[in-house]
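*Asks:* Chain order of the listed sequences is D and S. For our numbering, add 188 to where a residue sits in the first sequence, where the first one is 1. For our numbering, add 188 to where a residue sits in the second sequence, where the first one is 1.
Incorrect hints may appear among the rest.
Copies of the same chain look alike in the list, so a pair counts if it fits in one copy or across any two.
[Said to hold, decoys possible] Cross-link-like lysine-lysine pairs, in silico, DSBU-like; alpha carbons within 30 Å at most:
#1 Lys-395 <-> Lys-259
#2 Lys-225 <-> Lys-395
#3 Lys-259 <-> Lys-308
#4 Lys-395 <-> Lys-262
#5 Lys-259 <-> Lys-225
These aren't lab readings, by the way, just hints derived from the structure by calculation.
2 protein chains.
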Amino acid sequence: MIEYDGTNYCGWQRQANGTSIQESLENALATCCRLPKVTVTGSGRTDAGVHARGQIAHFQAPHDHLPVPRKILKSLNGLLPSDIAVLRVARAPDDFHARFDAQARRYHYHVSLQPTALDKSTRLQVRCEPNFDHMNAAACQLIGRHHFGAFCRTQSPTQNRICRVTQAEWIDERGRGHWHFEITADRFLHGMVRAIVGTLLEIGNGKRAIDSIAAIMASQDRRMAGPAAAPHGLVLEEVIYSAPLFREVT
Amino acid sequence: MIEYDGTNYCGWQRQANGTSIQESLENALATCCRLPKVTVTGSGRTDAGVHARGQIAHFQAPHDHLPVPRKILKSLNGLLPSDIAVLRVARAPDDFHARFDAQARRYHYHVSLQPTALDKSTRLQVRCEPNFDHMNAAACQLIGRHHFGAFCRTQSPTQNRICRVTQAEWIDERGRGHWHFEITADRFLHGMVRAIVGTLLEIGNGKRAIDSIAAIMASQDRRMAGPAAAPHGLVLEEVIYSAPLFREVT
């Protein structure tokens with residue numbers, strides 16, 4: 189389980205230009221396990237600037253010479269830069285796959301209604317207070333099994349654009365003008381949460397009708413939804429599997 | 189009301205070497221109010237590296253040419269660096285004093301029981317999980333009117349070392365290994381919260397007896413208490429006055 193501050197990264201996935209979380213992890217793992225090369229598979233990609241508190245990834249390696257999970261955890265955190273932290277390490281069944289076995293993912297999108305100094309790298313500052321209840325009434329319409337093509341980046345190669353959203357709600361974090369949007373689904377398309385948040389904020393600001401979500405989804409047209417909200421407010425909170433991955437906490 | 193990330197500052201108070209929060213605020217205020225010099229008085233000082241979410245400060249200036257509070261707020265946040273944010277500005281009664289009128293202050297000290305990437309600038313990572321209940325049993329003994337000389341920096345010139353603590357408890361922030369210590373008192377001595385947290389963590393780790401707080405306080409000797417916990421976990425959360433300062437939210 190990995191936590192990272194995505195501010196200085198080009199995203200989860202290894203890329204030619206820019207440092208990725210995946211590459212940093214693979215390099216640290218290769219060093220700590222004394223392997224020439226390690227390939228890490230994440231539960232899913234996160235975009236440049238997006239953070240995670242509960243990313244899950246797996247790698248395969250010969251059991252024989254591998255340090256025990258507890259030692260890998262300690263050694264990895266010593267090797268990784270301070271904006272990537274490995275929270276837990278466990279031996280998984282041989283057929284475990286971080287992406288294919290994941291049953292759901294949960295994201296949080298954080299906003300601040302006032303200027304912020306301490307949370308500026310993880311919260312979008314919204315200048316005009318949106319209508320909380322209107323945004324939640326609109327968010328309800330996302331729940332269920334729908335075509336989310338209107339909330340998917342147009343250049344995404346993914347064919348299947350059906351997702352089952354099981355939770356979509358704005359939470360008021362006990363005062364201080366801190367709110368966040370929680371969304372859980374079996375899968376997410378490229379740019380989906382940020383497009384949804386951008387659209388809900390427009391509804392909250394009265395620029396769109398509260399009941400416009402259904403029509404946007406029916407259009408399957410990205411141009412019908414709002415602009416993508418900035419990446420730094422988004423955090424991959426949790427990846428859910430059918431069985432707990434870390435029964436033996438290390 | 190001011191929020192700041194103290195990481196890159198020498199503390200609240202203006203100093204010869206290093207940039208202070210006070211100096212940054214005074215410079216921004218002088219520019220925005222077109223005054224040759226502004227002196228800002230805070231509710232109290234915070235040490236180098238300590239943060240605030242609710243610091244209160246006042247300044248005096250001739251009413252005539254002053255912009256309205258709403259404009260000062262906007263202009264200040266445009267002028268200040270991104271690690272200082274002014275949350276609210278209001279006109280106060282002529283005799284208001286941010287320090288002398290404050291009836292109580294509340295601090296939070298944040299710890300993480302696991303490695304952390306997203307909260308590393310505001311949480312102390314504790315490597316060995318302290319006993320939560322033991323720390324809370326010890327914290328209870330702080331409540332009341334006591335001599336806190338044992339928790340005050342020896343070089344502090346403050347003569348009166350009596351404080352009335354009205355709240356002192358550890359809170360578990362719903363999983364993820366995030367805890368914080370909340371303490372409210374009429375006044376705080378120099379280095380007091382960090383010395384208390386350092387002592388409570390030693391109690392939590394079994395290095396001191398749960399009932400040792402009373403003897404430490406009675407000693408009035410700084411050497412009897414534990415080491416100061418690192419500054420970056422500490423946040424001045426709230427300064428309490430007898431009347432609300434920001435009735436008209438700007």
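*Asks:* Each hint: holds or not?
*Replies:* Evaluation of the provided hints:
no., hint, result
1, Lys-395 <-> Lys-259, "between (53 Å within a copy, 26 Å between copies)"
2, Lys-225 <-> Lys-395, "neither (51 Å within a copy, 44 Å between copies)"
3, Lys-259 <-> Lys-308, "between (34 Å within a copy, 22 Å between copies)"
4, Lys-395 <-> Lys-262, "between (50 Å within a copy, 24 Å between copies)"
5, Lys-259 <-> Lys-225, "within (19 Å within a copy, 57 Å between copies)"
Consistency with the previously given hints fails for number 2 only.
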